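Novice: Residue numbers (our numbering), protein chains in the order written: chain A, 21 to 284; chain B, 142 to 525.
Any given hint might turn out to be false.
Stated by the list, open to error - Now the in silico label distances, taken between C-beta atoms and shown as ranges:
{"#": "1", "chain 1": "A", "residue 1": "Gly64", "chain 2": "B", "residue 2": "Leu367", "range": "46 to 56 Å"}
{"#": "2", "chain 1": "B", "residue 1": "Asp383", "chain 2": "A", "residue 2": "Asp156", "range": "41 to 51 Å"}
{"#": "3", "chain 1": "B", "residue 1": "Gly167", "chain 2": "A", "residue 2": "Ser216", "range": "15 to 25 Å"}
{"#": "4", "chain 1": "A", "residue 1": "Glu223", "chain 2": "B", "residue 2": "Gln215", "range": "10 to 20 Å"}
Unchecked claim - Here are a few chain B residues that face chain A, going by a calculated C-beta distance under 8 Å:
{"#": "5", "residue": "Arg185"}
{"#": "6", "residue": "Ala204"}
{"#": "7", "residue": "Leu231"}
{"#": "8", "residue": "Val233"}
{"#": "9", "residue": "Arg234"}
{"#": "10", "residue": "Glu471"}
{"#": "11", "residue": "Gly489"}
The hints are simulated quantities; they were obtained by calculation from the structure and are not laboratory data.
From a predicted model like this one, the values you see are computed outputs, not experimental measurements.
Heads up, the beta-carbon is just placed ideally off N, CA and C, and yes, glycines get one too.
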Amino acid sequence: MSGRGRFLLAVVLALLPAGCRRAPEPFGAHTAFLPVVFWSRAHGYLPWATRLTLTTPEGAPAVVRLTRWPPDAADAEEELIDLPGGATRRVPVRTPPSTPASLYFESRSPFSVRASIVDRRGLVPALDVPVLTREDLARPGDSLILGPIVSNDAERGHFGFTFPGVDRDAAPYRVRVRLTTPGGGALLHESTFVLSGLPLTIEDPWKRFGLAAGTPFDVAVTFLGGVRGRPVATGLWVYGIISLRATSTSRFLATRVERASEPH
Amino acid sequence: MTTRQRVFGLGLSWLVGVWIVAEISGSILPGMSVGRPWSYDITRRVTPLTRWDSGWYVNLAEAGYREPPTHVGQETNHAFFPLYPALIRLVVRTTGLETSHAGNLVSAVAFLGALLLFADWTKRHYGEARVVPAVLVLLLFPTSFFFAAVYTEALLLALSLAAVAAFERRRLTVGALAGLLAGLTRISGLVLAPYLALVAFRAERDAGSPRARALGAAALAAASPLAGFGLFCLYFWKRFRDPFLFITAQHNWSGQTKSILDGPSLIWRSVVDDIQRGRVLGAAPARTLEGLYLLLFVVLAVILVRQRRRAEALYVFLTVAIVFTSGTFESAGRYVLPAFPAFAVLAGLDGLPARRDLFRALLVLAGLAEVVYVWAFVHWYWAG
Chain A
21 MSGRGRFLLA VVLALLPAGC RRAPEPFGAH TAFLPVVFWS RAHGYLPWAT
71 RLTLTTPEGA PAVVRLTRWP PDAADAEEEL IDLPGGATRR VPVRTPPSTP
121 ASLYFESRSP FSVRASIVDR RGLVPALDVP VLTREDLARP GDSLILGPIV
171 SNDAERGHFG FTFPGVDRDA APYRVRVRLT TPGGGALLHE STFVLSGLPL
221 TIEDPWKRFG LAAGTPFDVA VTFLGGVRGR PVATGLWVYG IISLRATSTS
271 RFLATRVERA SEPH
Chain B
142 MTTRQRVFGL GLSWLVGVWI VAEISGSILP GMSVGRPWSY DITRRVTPLT
192 RWDSGWYVNL AEAGYREPPT HVGQETNHAF FPLYPALIRL VVRTTGLETS
242 HAGNLVSAVA FLGALLLFAD WTKRHYGEAR VVPAVLVLLL FPTSFFFAAV
292 YTEALLLALS LAAVAAFERR RLTVGALAGL LAGLTRISGL VLAPYLALVA
342 FRAERDAGSP RARALGAAAL AAASPLAGFG LFCLYFWKRF RDPFLFITAQ
392 HNWSGQTKSI LDGPSLIWRS VVDDIQRGRV LGAAPARTLE GLYLLLFVVL
442 AVILVRQRRR AEALYVFLTV AIVFTSGTFE SAGRYVLPAF PAFAVLAGLD
492 GLPARRDLFR ALLVLAGLAE VVYVWAFVHW YWAG
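Between the sequences and the hints, there should be enough to build the whole structure, so can you do that?
Specialist: Okay, here's the thing in structure tokens:
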């Protein structure tokens with residue numbers, strides 16, 4: 021190799037570490053993933069807040085790493101929380117307003133998380149956020165199935181894509197979305213696309229996927245992997261929420277994971 | 142040290158300099174609070190030389206072409222050519238580099254190659270003494286930092302120069318391949334067609350080839366960038382059933398119904414409007430400069446005509462004409478960058494003893510302007 025070639029190679033090798041930012045090393049085997057938290061203060065909307073508490077078992081202190089995605093500021097992206105044994109601590113959400121975000125907790129010691137999205141005025145019942153673990157999430161090749169998503173006089177549903185912030189450098193992800201009539205019936209829509217690099221809510225799936233307004237449907241999302249060719253440390257999740265129009269009371273739909281290794 | 146080594150060293154030093162300014166601009170130099178149009182995940186990972194249209198190239202490299210636009214005013218990535226993002230994707234997939242870093246790497250490598258080709262071209266056409274001044278003009282032209290950014294300018298310049306060099310040396314296959322790739326890089330690649338044809342014809346005739354063979358070479362040369370664009374259209378036809386999706390996307394992008402024929406009159410009207418409202422010079426420095434760059438390149442094209450370099454003059458004229466068809470002065474300073482013969486003409490000032498001081502003063506001024514442009518670009522004030 022010529023001197024110039026060696027020099028160019030050195031420049032490229034020097035650049036590689038700057039660009040090849042890898043996912044942070046796992047912080048511990050104990051994990052908790054909150055697929056979506058939300059708060060808002062916009063005029064004319066319900067004043068939602070997320071109440072979040074972290075608890076350790078008696079006699080077992082824990083250092084928990086929390087990864088917010090997205091955070092409200094760069095310095096809030098990761099936070100180490102030191103908890104003595106048997107303690108319960110309220111944790112500030114610190115995500116941007118009116119933006120669905122995910123929270124991922126990791127620790128070498130056991131801990132538990134509880135989160136609920138509440139109406140600050142106390143008029144609407146709280147919505148408990150499901151707490152998942154790393155193992156619950158869909159790996160590349162797996163499918164996530166939920167439904168039915170409905171929109172009628174009584175209820176309205178939506179769904180969203182989410183993932184732990186520790187995989188921010190593996191995202192964005194490519195997915196295949198299949199919408200069928202409830203119960204796995206007729207195919208209504210199928211497309212493959214790349215998600216944004218943040219949790220993404222599909223507020224109006226009927227408009228987004230060109231369905232007749234109000235058509236109820238089931239969702240099957242196959243996680244095809246990251247578009248940047250980087251390994252995915254955790255995985256992807258899809259959640260669905262149904263809200264009663266009259267009271268704004270909401271509930272999460274159950275999401276089932278179909279592993280790629282399982283027979284369909 | 143040979144001239145080529147000196148040119149390569151200048152190119153590397155320039156790249157380091159631009160990056161230092163960009164990094165300092167982003168982290169130390171103050172910027173007024175301008176809303177960033179990109180989401181948090183993108184903003185946190187991209188380089189300071191990834192702004193504005195760079196986002197479309199990053200998006201294309203990561204996600205490919207998406208659903209076609211459905212209405213005027215809808216901005217979609219079909220308005221961008223595929224070769225540059227495809228190369229970025231290749232680098233990302235093979236090295237694991239973050240996408241914008243990969244884009245900057247592709248641009249840097251392409252630009253260093255382009256600089257060597259430009260030095261060779263200048264030496265062939267103007268002699269050895271013109272090479273370093275011409276390279277300095279190219280490096281210090283105020284908008285030249287786009288060669289280091291996640292933009293197609295560096296790749297297009299490299300491919301254009303490679304095609305020209307190959308046809309001048311009668312290496313038709315290499316020339317046609319470079320021309321085809323230039324046609325896949327950006328719309329400016331298309332204005333290469335007549336230039337390459339004239340270059341190929343001239344080279345064949347100078348070598349004593351019969352007229353028919355010279356015409357054949359010219360036809361091949363002209364067809365190569367057009368074939369690149371044709372491949373792009375073919376891809377859109379196969380995938381979206383619309384071979385003219387690029388044109389549709391460009392049209393929809395503007396938010397107003399217009400054709401390329403309306404371009405010159407729209408520009409004229411906006412110039413008159415600017416003058417009437419006093420939006421010139423200090424009141425709108427970036428906009429005024431865009432107009433001045435265009436004017437400068439028209440003058441340089443005229444000088445090329447007077448130097449009997451008609452093929453080169455035509456290329457510079459047509460590169461300027463692209464701006465006039467767009468209907469706006471925006472990005473004029475960037476659009477003229479591939480018109481490399483103009484930079485060699487500009488460097489002629491250095492050869493006039495009485496004007497050497499003027500040349501050096503202009504270089505310093507241009508370099509300072511480039512620093513300001515980098516700062517403005519990094520802080521989202523100016524799209525280029």
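Novice: Run the structure past the numbered hints and jot down the numbers of the failing ones, going up.
Specialist: The structure breaks hints 7, 10 and 11; every other hint is satisfied.
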